[in-house]
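With the sequence shown counted from 1, adding 273 to any position gets you the working numbering.
A portion of the hints provided could be inaccurate.
Mimicking SDA-like on lysine to any residue, the simulated pairs with C-alpha atoms at most 20 Å apart in a straight line are [what the hints assert, rightly or not]: (1) K616 - E637; (2) K619 - K299; (3) K616 - G413; (4) K299 - E284.
Cβ pair distances, simulated, as ranges [unchecked claim]: (5) S516 - A489: 12 to 22 Å; (6) V829 - D500: 31 to 41 Å; (7) I470 - T724: 36 to 46 Å; (8) G562 - G469: 27 to 37 Å; (9) G363 - A489: 42 to 52 Å; (10) S492 - A420: 38 to 48 Å; (11) K719 - G363: 13 to 23 Å; (12) I410 - K364: 43 to 53 Å; (13) R365 - T495: 37 to 47 Å; (14) L654 - L484: 28 to 38 Å; (15) G363 - V422: 29 to 39 Å.
Derived from the structure by calculation, the hints contain no laboratory data.
The C-beta atom is built at its ideal place from N, Cα and C for all residues, glycine as well.
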Amino acid sequence: MADGADRIAQEREMLLSVESQGLGGKLGVYTRLSGPGWLQSAITLGGGSLSGALFLGVLGGTDMLWLQLVAIIMGVVMLSAISYVTLSTGKRPFPLINEHINPALGWGWLLATITANMIWCMPQFGLCFEALEKNLIGFGNTPEYEAAVAGGDKMYGYKITISVVFFALAGFLVYLNSQRGLAAKIFDVALKVMVGIVVISFFGVVIVLSLKDELAWGSILTGFIPDLSQWTSPAGAVAENISGMSENVAAFWSERVVQAQRDVMIGAAATAVGINMTFLLPYSMLARGWDKPFRGLARFDLSTGMAIPYVLVTSCVVIAAGTMFNGKMNDDDFGSVDVAVMKKSKLYKDGSGHLIARLEATDESVKDLTDAEKEARIAGLPKAEKEVAASLVKRNAFQLSESLAPLLGGTMANTIFGIGVLGMGFSSIIILMLINGYAFCEMLGKQQGGTPHIVGCLLAGLVGASWWLFWDGDAKMWLAILVSSFGMMLLPIAYVTFMLMMNSTKILGDDKPTGSSLTWWNILMGVSVLGAIAAAVTAIAGKASHPVAGPVVITVGVILITLVLAGFLFEPRGRTPAGKQE
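Based on the sequences and whatever the hints tell you, model everything.
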């Protein structure tokens, strides 16, 4: 314990010694002492981020590169705010929020974190299963397996067995992590290597495509400029395909593509900074012994340790996926005018549904045709429509692995992609379980560690391992997008709370920013809050019509708003500022 205290004291002295210097003078010390930002990066670069970047590339190509850049900047602003509050006060945020802001917001933040941990665990288990099913073991690619699935067999035996194995392994590793032994460190390194392999591979794809002169760098750089019209209009090569269609046909495809784009945009933005990440950061900083002199380091740490790696990696994934899939079929069978040949395509199952829906929407008489007659009609549709339908197909991990083909070739790309997906998914499971353990202890008012922590960890893992009860789709990676949309609904709780804390004299006392500093903080936080609210409202509106999710989402929203208003109406007066001694 003394060694830890001595280390923190030395780090504090190093920071104080360069406090009056500019960024150049602080750079060496800041780089040496960085830490929690890289932990945040480990969560951010998970299965959700990979799925979001892949589907952004498939639907919008490089036109949508700006989205994850903007999302991570907004996230860094809000995480910088909570780190400033935490390091200024040296106190845990949850009791501070309850005492000085609004208990409804405090409990909303905590319960939303626990909910997000458990729900976000599901797609991670799904990704791990699909990596084995489609990429690594490949049992899902056998004719017998595909025939069984086509016949309605849900393959629950496979799903349950593999999920139980992953749950047991994750629980064991969480235990090892609590013991901080050599085995835990070795496995942690192994996971990072697995993730690193796929990250480096996507960098390699971009380099290879660039050397082959297949990338339009002017368009790529333009893609980093925010374009809000993509909220209501198709993007990338898909938009070009639609532009040449007749008015009623173009209207159908535009509506369908925009809905998918919105889902992906919301999901990708939510995975940049999730509400559970906002919970982890302040507690990880306190656990390291950081305090007021570390505030500048915290902002630097978040920018370099989380934002820059995230933008670089996700941009390479979007570029690779966009080049391979955006507005393209990559499947001669699906483009055939012979329906028998067309049915051989892996894209046919989902793609034909979009094409038949187009025919029925633009020609009432089609609804009276037999299934065979409808299938014959879609085979004769123009190539441009089939390319748009192909972009809407929720591709599985085996199909998406083709994005690495320019570098590795088909077989190796499939294997490397599977290793990366497995590493990202499994590391995310462990981190989500650990966060849930911390949150569970806070909820029960217990010290970190012990039985409450273990229960919280296992509960998240158990819910995640039951993913097969709620998701039977072929493309498990799409589950990450759907779940992330739910996560975006919760994010404004954290963002609004952090903005109130930064403006609270009760909490910060003399450390509350003033003058132009406060103005800039509020401008940046205000933009982030409004962006999160807009995305959350859209996500809620999209789910409101669902027969099951709709009433639940609306009811929870009404209850939360009522409790928040009550919390402000009955706010106790005369509290002592948290930044001062009582």
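Worksheet item: Which numbered hints does this structure break?
Response: Hints 1, 2, 15 contradicted; others consistent.
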